[in-house]
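Going line by line, the protein sequences match chains Y and S.
Sequential numbering from 1 applies to the first sequence in our numbering.
Sequential numbering from 1001 applies to the second sequence in our numbering.
Hints listed in this document are in silico derivations from the structure and should not be mistaken for laboratory results.
Owing to the predicted nature of the structure, the values given are computational and were not obtained by experimental measurement.
The reader is advised that the hints may include incorrect statements.
Unchecked claim - Below, in silico cross-link-like pairs of lysine-lysine (DSSO-like), each with a Cα-Cα straight-line distance of 27 Å or less:
# : chain 1 : residue 1 : chain 2 : residue 2
1 : Y       : Lys125    : Y       : Lys138
2 : Y       : Lys179    : Y       : Lys138
3 : Y       : Lys138    : S       : Lys1110
4 : S       : Lys1110   : Y       : Lys125
5 : Y       : Lys244    : S       : Lys1107
6 : Y       : Lys179    : Y       : Lys125
Stated by the list, open to error - Output of the computed footprint for chain S on chain Y, the stretches with three or more beta carbons under 8 Å from beta carbons of chain S:
# : region
7 : 65-78
8 : 83-90
9 : 101-112
Note that beta-carbon positions come from the ideal geometry of N, C-alpha and C, so glycine has one too.
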Amino acid sequence: MIYARGLVKRFGDFTAVDGIDLEVAPGEAFGFLGPNGAGKSSTMRMIGCVSTPTAGELRILGMDPVREGPAIRARLGVCPQTDNLDPDLTVFENLTTYARYFGIPRAEGRRRAAELLEFVQLTEKSGSTVDPLSGGMKRRLSIARAMINEPDLVLLDEPTTGLDPQARHLLWERLFRLKQRGVTLVLTTHYMDEAEQLCDRLVVMDAGKIVADGSPRHLIETYSTREVVELRFGDDAPATYVEKLAGIGERLDPLPDRLLLYSADGDAAVNEVHRRGFTPSSVLVRRSTLEDVFLILTGRTLVD
Amino acid sequence: MVTTYAVTRVARGNRLSPARVGAVINRNVGALRSGPAYWLVLASGFFEPVLYLLSIGVGVGALVGDLTLQNGEVLPYANFVAPAMLAVSAMSGALAETTFNFFFKFKYVKTYDAMLATPLRPMEIAAGELTWAMIRGSLYTGAFLIVMVALGLTTPGWALLAFPATWLVGLAFGAVGMAVSTYIRGWQDFDLISTGQFALFLFSGTFSPVQDYPVPVEILIAITPLYHAVELIRGITTGMLSWSMLGNVAYLLVMLAVGLYVASRRLTSVLCR
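Using the sequences and the hints, build the whole thing.
So this is what it looks like as structure tokens:
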């Protein structure tokens, strides 16, 4: 579906995407994970054929995005990072009008619009304008709009950013259903849980480069340990404990507010901390996540 | 619409899909139907030139009496002012759409970003928006022509010929307005546009023959666009056709081609980075 070699995007002196290689197979749910400014959105815009690559090779659905942009876009569904729904139209018209851009006949557009509104649970909002909708509803409408041309490939740029937990879960559930139907999904996110929920495979991006690549499980196994212990030491700086706890677990990462201790067996590591005579003010043993992978790979956390 | 396609084909060298241009127009028809506010805007656009016509053309006209033109023809003042108001309404109808509305869609609600994620291309968006602007302008000018015929300021025959001329005026100003709008930084820049528009409105041979001004001023006016629109339309509604009107048509066609070309280039360079 997507094939890229040495893909580069520069804006003046700034290199947003710095030579990445990618391959996405049909039916896959593929994720770009990374902090803001990592180059995820720039990559998505090149895949969406609205931005021309500065260098490198890019094929979408076997076609050249520069020469065959309209033909490719006819088979893509794009859900942008910020909603750009049409405020002058009703919910239903947002879909039927969009259908016309794809050359879908009116009657067929109306049929699909009704079906998609059902799918994203917005049927009762059909005659409303877009403004009064909640963030989650707008996002679902954007996804319905992206599906109007029955696309082979759906691009979702940060699909749940800014939504409340309930809205996120509803959205994930709908996206999961799309995936079950065999639609290829490509999404960007800076949420670990989202990547773990939705992606079969993902790449971790940082400063325009891909720093790791694989399934969420594989990435955690390769780069992190099975468990992570989070230790807090009251008012003491976590960094001062790095030396004192050396040798426990496989790795120690001091953060401003806590110390992360990577270990295959979290409870055994906690026992060792106590045996050495330290009494942390709080102890949390948890399973390793992609957040830890990102921290290990880049030395930075993945917050905004 | 035929002119749009022909001109744009020359300008860009690639074919436009009439269906896709039509889909852009369809979007605006939908917006018109869904919002009552839009009808109000349309209505106010019609009344403005009618009020000018009544107050200045008929009111001041009663003081001025008849005008004797350079070619010796004598014309009641209202007959002289009415075609200028018609040209002005064609201009402002199209400009309202391609400046204010276009900028809003371009910069704030990101309508064109959404469109560009579909098979639509920038040139098709520009052509669709411009055609719509022309349609909007023609709602004003069509109604205005009926008023002119009713007041005996032109004949039904000349009015029928003047109607397509107002389309050309709408397309020409709409295209240039759209190109300018892609450079606009914020709402304050619209003050500049409306000041410019008002200056054109006052000094394009609208209320007095340009020959009444000193020669340098007359030349200056002859360079500005509304003058050509007024000359063309006045020639038709008064039934005083002349070869120089071909020059006016050529001027407006160039505005159309350049405006549309620049607008679609800018859409590409700003939105497809």
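query: Which numbered conditions among the earlier hints are violated in the structure presented, ordered from lowest to highest?
result: 5
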